[in-house]
Amino acid sequence: MKQLLLGDHAVALGALHAGLSGVYAYPGTPSTEITEYIQLAPLAKERGVKSKWCTNEKTAMEAALGMSFAGKRALVCMKHVGLNVAADAFVNSGMTGVNGGVVVVSADDPSMHSSQNEQDSRFYGKFAMIPILEPASQQEAYDMMSYAFDMSEELKLPVLMRLVTRMAHSRAVVEIGQVRDENELNPPASDVMDWVLLPAIARRKNDALTALQPKLVDNAEQSKYNIQIRKGNAKNGVIACGIGYNYVNENLSDLEEYDILRIAQYPAPIKLIQEMAQRCDSILVVEDGQPFVEEQLRGILSQSVEIKGRLSGELPRCGELNPDNVRVALGLKSFELHDKSESVVARPPALCQGCGHRDVYGALNEIIRNVYPDTRVFGDIGCYTLGALSPFRALNSCVDMGASITMAKGAADAGLKHAVAIIGDSTFTHSGMTGLLDAVNANAAITVIISDNLTTGMTGGQDSAGTNKFEAICRGLGVDEEHLHVVEPLPKNIPVIAELMKKELDYQGLSVIIPRRECIQTLARKAKQKK
Amino acid sequence: MKKDIILAGVGGQGILSIATIIGDAAMNKGLYIKQAEVHGMSQRGGDVHSHLRISSDPIASDLIPEGKADIIIAMEPMEALRYKHALAPNGWIVTSSTPFVNIPNYPELETILAELKSFENLNLVDAEDLAKENKMPRSVNMILLGAAAKVLDLDIDTLSESVNRVFSSKGQAIVDMNIAALKIGEQA
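Just so you know, the protein sequences line up as chains A and B, in that order.
Position 396 of the first sequence, counting from 1, maps to 396 under my numbering, and the rest follow consecutively.
Position 8 of the second sequence, counting from 1, maps to 8 under my numbering, and the rest follow consecutively.
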């Protein structure tokens with residue numbers, strides 16, 4: 001059977017067909033659709049696959065590890081920066097190893113279509129010393145899931161699958177394979193100490209993981225996904241990683257001869273690379289993201305081979321690959337182009353008309369512009385980050401999930417008098433609660449605004465972990481009842497909210513204001529469903 | 001057979017529905033398909049585009065090489081011009097003529113339309129007005145798709161079958177309206 005599938009959907013279906021028992025994830029572009037697909041899949045319902053959104057990527061990674069401990073297959077999905085949050089559990093999962101198979105999907109976003117950096121998840125895989133897969137097509141994404149779960153159980157290691165935006169968010173036809181059953185419950189015996197990373201055990205596990213590395217390289221050298229494609233006697237070799245291969249392939253008909261090594265499984269297949277180096281005078285590395293393989297080649301190969309890529313300037317140092325920049329790197333002439341239009345202007349994204357965040361910024365700007373111009377506003381990650389753009393221009397920082405509260409506290413510690421943190425409901429439960437506890441304990445002179453739209457908005461309206469719990473969470477963390485307020489962000493309420501903000505900015509201690517109004521997108525969707 | 005299509009518009013205008021219909025039609029003709037979409041931040045009222053490639057031969061890249069697009073289908077005239085450099089020398093532009101103004105510095109419409117009219121292969125469609133006249137304000141995208149059908153080498157019957165499949169869960173009335181929209185577009 002054939003189906004037209006988004007890359008993310010191919011991953012999801014592949015995992016379900018590989019006997020998945022649980023997917024653990026926090027929404028993040030471009031990875032969100034993997035979990036959403038499983039949540040709606042009939043097979044997942046039938047099997048009772050666990051698929052509820054997690055509070056953050058770390059809780060997701062740990063829950064997956066627990067499911068693996070109990071013997072079943074678990075999938076963890078996140079965007080690339082989510083892997084920073086999950087990193088403690090992720091890196092140590094290489095040390096504990098796995099019981100049931102674990103596949104961690106990290107979706108990178110070269111060119112930062114919807115992200116704050118361009119980090120390349122392959123570095124994390126190498127750091128954790130585990131195998132990495134990087135599909136080049138939706139078919140491969142589907143097929144690789146059962147391959148990855150089998151490999152994970154055979155090696156007793158988690159496997160990282162790295163996607164990029166153009167893989168995750170691109171559709172193609174996929175041939176669907178066999179469906180495998182779930183694993184049986186099978187936890188280790190109670191005297192097994194492998195999962196207890198006390199130093200004495202961790203040292204033993206570390207030795208074992210290190211000793212396994214040559215086997216991982218050997219597997220990559222034998223992998224059906226790492227293949228050579230050659231025509232003629234080309235002296236300029238090309239190593240094409242992941243979807244980089246597609247861009248080379250797009251230009252293939254214009255090359256008279258070529259010598260290509262396609263890499264989709266890591267660690268880097270050293271022997272295959274060394275063989276190419278013996279045949280060729282130069283090697284061009286075509287990889288989306290950061291120069292991961294290119295840097296390694298400089299350590300693997302003798303200096304007689306010229307290594308070309310992002311570091312040497314044949315390909316741009318930053319930004320995603322495309323058929324055009326790869327074409328130039330291959331030494332081919334660009335196609336004839338129409339001039340770019342001079343009248344076209346940028347059309348940046350904006351908060352929806354009628355969105356409650358707008359009214360929060362409306363009130364905040366009243367105070368900043370008219371009362372306390374020395375106010376600095378520490379932002380966070382979500383739709384409301386768009387408050388940094390016109391017409392609001394209300395944010396002074398946006399760094400990582402949860403940084404609004406902690407940065408405001410640090411700035412207040414330094415003496416900033418009017419420090420405001422603005423954070424969304426989902427981001428607050430993801431990584432803001434611990435920071436708020438720090439602020440409570442120090443009675444930091446900051447005003448925290450938890451702009452609650454009852455959903456995870458930017459990624460398309462997924463359930464938010466803290467809905468209906470925010471006042472209780474704040475009280476539980478020790479926020480003073482007198483300085484804890486809930487308001488309804490509507491245009492008519494802007495003066496009242498502004499007055500409240502002023503009052504709390506005057507107070508030289510911790511306050512929390514929770515403007516609460518449902519996201520107009522999810523509201524409209526629910527109204528439609530009711531009809 | 002090969003058609004490299006760039007779909008352009010503003011977040012929320014329905015370009016992904018156009019892509020879904022063309023993709024379904026192509027799949028049912030046994031063609032290869034690749035379609036790169038934009039999700040996430042830019043969907044909030046920013047410019048969005050999608051690369052859709054259909055071909056009788058396997059397709060390598062998800063992205064269309066610059067200067068190789070056979071057709072730009074745009075829900076908005078300035079957004080059509082945003083990808084003009086991607087168009088092949090004899091490529092087609094099929095675009096709605098109604099501007100979507102959600103930015104303070106939207107250029108003079110005259111300038112935009114004049115630049116569009118410098119293209120010989122242009123189908124400038126008053127899709128919004130046609131939709132209003134025919135009381136189908138939510139089917140502007142299908143009118144535009146109908147207007148592009150000829151250049152796409154996909155006949156209206158094939159596209160109608162896809163509308164039927166893709167929109168069937170939304171009820172017969174929605175299916176019928178969108179098929180009618182395709183036919184109105186075809187005449188435009």
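There could be a bad hint or two in this list.
Said to hold, decoys possible - Output of the computed footprint for chain B on chain A, the stretches with three or more beta carbons under 8 Å from beta carbons of chain B:
{"no.": "1", "stretch": "166-176"}
{"no.": "2", "stretch": "191-201"}
{"no.": "3", "stretch": "321-334"}
Since the hints were derived computationally from the structure, they do not count as laboratory data.
Computed from a prediction, not measured in an experiment: that's the story for all the values here.
Beta carbons: idealized from backbone N, C-alpha and C, even for Gly.
Each hint tested on the structure:
1. Here's how the stretch 166-176 of chain A fares: 7 of its residues keep a CB closer than 8 Å to some CB of chain B, so the rule of at least three is met and the hint holds.
2. For the stretch 191-201 of chain A, the stated coverage by chain B is not satisfied: 0 residues place a CB nearer than 8 Å to a CB of that chain, which falls below the threshold of 3.
3. With 5 residues bearing a CB less than 8 Å from a CB of chain B, the stretch 321-334 of chain A meets the requirement of three and the coverage assertion stands.
Checked against the numbered hints given earlier, this structure breaks only hint 2.
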